[in-house]
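Enquirer: Residue numbers (our numbering), protein chains in the order written: chain Z, 1 to 182; chain F, 1001 to 1303.
The set of hints was computed from the structure by calculation and includes no laboratory data. Any given hint might turn out to be false.
[Unchecked claim] Pairs of lysine-lysine, DSBU-like flavour, derived with a Cα cap of 35 Å:
| id | chain 1 | residue 1 | chain 2 | residue 2 |
| --- | --- | --- | --- | --- |
| 1 | Z | Lys177 | F | Lys1012 |
| 2 | F | Lys1039 | Z | Lys90 |
| 3 | Z | Lys166 | F | Lys1042 |
| 4 | F | Lys1291 | Z | Lys15 |
| 5 | Z | Lys174 | F | Lys1042 |
| 6 | F | Lys1296 | Z | Lys57 |
| 7 | Z | Lys180 | F | Lys1012 |
| 8 | Z | Lys6 | Z | Lys57 |
| 9 | F | Lys1042 | Z | Lys90 |
| 10 | Z | Lys18 | F | Lys1039 |
| 11 | F | Lys1284 | Z | Lys6 |
| 12 | Z | Lys28 | Z | Lys15 |
| 13 | Z | Lys28 | Z | Lys90 |
| 14 | Z | Lys20 | F | Lys1039 |
| 15 | Z | Lys15 | F | Lys1042 |
| 16 | Z | Lys20 | F | Lys1291 |
| 17 | Z | Lys28 | Z | Lys18 |
| 18 | Z | Lys18 | F | Lys1027 |
| 19 | F | Lys1003 | Z | Lys6 |
| 20 | Z | Lys169 | F | Lys1039 |
| 21 | Z | Lys90 | F | Lys1010 |
| 22 | Z | Lys180 | F | Lys1010 |
| 23 | F | Lys1039 | Z | Lys180 |
| 24 | F | Lys1039 | Z | Lys28 |
| 25 | Z | Lys28 | F | Lys1291 |
| 26 | Z | Lys177 | Z | Lys57 |
| 27 | Z | Lys166 | F | Lys1039 |
| 28 | F | Lys1003 | Z | Lys180 |
| 29 | Z | Lys90 | F | Lys1296 |
| 30 | F | Lys1042 | Z | Lys18 |
| 31 | Z | Lys57 | F | Lys1010 |
| 32 | F | Lys1012 | Z | Lys28 |
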Amino acid sequence: MKRMIKDRDIVAGCKADKPKSQRLLYDKYCRMVMGVALRYCPNTTEAEDLVQEIFIKVFTNIHQLHDEVTLTSWIHTIATHTCIDMLRAKKRPLTIPYEEMSNDIGDMSCNYYDDIPAEQLLAFVQELPDGCRTIFNLCVIDGLNNEEVAAMLSCTENTVRAQCCKARKILKTKIEKYEKTY
Amino acid sequence: MKKHIDDIFKDKLENFEAPVSDGLWDKIQQNPEWQQHLKRQKIRNLSIYAILAVIVISSCAVLLHQRNNTNNQDIETSVIEEEILTENVQETTTNQPNSNPDAMPTLTTDETVAPANPTPETTDTPDAQNATETMIPAEDNSSVVNPTNTEPTISQNNSVPEKSSEKTVHNNNSNNKSTQAAESNNKSDKTPDGNESFTTPSHPSENANPSSSLFSIPNAFTPNGDGLNDVFKPVTAASLQQYQLDIFAINGQHLFTSRNIEYGWNGEFQGSMMNGGNYIYVIKYRDSGGKEHIDKGQLLLIR
């Protein structure tokens, strides 16, 4: 409850363009936004650039937010969209041509002892190719369905599915390798 | 222990938070996009203040203007009411037998029926009646506070003691509003009432000039060819030795001159009609005693 009231005050302050409230909002949500940005970017530098953009978008569009309760998910959505926009603006091939996945229905489980730190998992994701990473983030971590992702990236559902499988395979090998080493 | 790869990543990364470097906030503040946004905001705020200020100032001005107008109108109406009062008093003292309002509907017919004989001193009895008759509608007009009609109204009353209006009435196409009829009088007497006839709102300064009582000068005319007030000219019954009428535009341009008292300005200058608005007249004349006078004032040309 305390957090909600605080959120409301912060949003009200941001809507009135008060620098103090903007700073509070930034301090409260910068870690979350940075987490999202890191998932979509290959490295920290790009992620920080993204965080800048995301917060500017948040501050300039805060008057469109009608319900403070949804602030977190609203910021999250803005972050995701900004990441995709950035990747598009850099003209990276978001979608790799459809590749035939012969062993599509392979076992996507692996031995896992819950001992891999989040930072290491993040590094695995960051190492993925751009298109693969974006689709994996959207489909798996942000939990969107294939249809939504296809619409967002303006590609076919098949591509999404294929890219997702490819990402899983790559990640699986990485985890297995990691587990063997440690 | 087996676990699906999606779950591994979802569990760990969905709510993953990472520290940001300390300088990031400052970077945001210095970001050109952000600076632009701030600038836009500043301009927007400034323009909002500017618009508010303009609205406040203009509404103040309008209010002030309205207040002044109503004040002026109050003064005008009060002056006119006073005049009407004094006129009424005079009217009763002159004891005109026919000064009943019943004569009003027959006003125009009376005027046309009246002898067209241009001899001022001969027609005595119908004149008195006419004077009172014409005065009644004029009084009605004055209560409406129409600046174009106030002066004729007032000067009309001078005709009550006078006995010589008929001639000019017909000369001026038997004007219904009786402006010229009224102006034609003032023959010789310079009663205080005669002075008062010039206390119109447009040129109260003439009030102090005793010589102005020689003339009746309309302060407005409408040169639209309808036969009513088409020509601006002063009306006097006094015999003058010299006379000259000059019309000037507000900017000082000389538009018209006349040495004939019967020949007035029709609103034209070099063959084209002048626009509606204020103009200045200057009348120079010598009265029967040989004394020189100059009358100045504004007239309103109405389209």
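Enquirer: What are the numbers of the hints that this structure violates, sorted from low to high?
Expert: As far as the earlier hints go, 3, 4, 5, 6, 11, 16, 19, 20, 23, 25, 26, 27 and 29 are violated by this structure, in ascending order.
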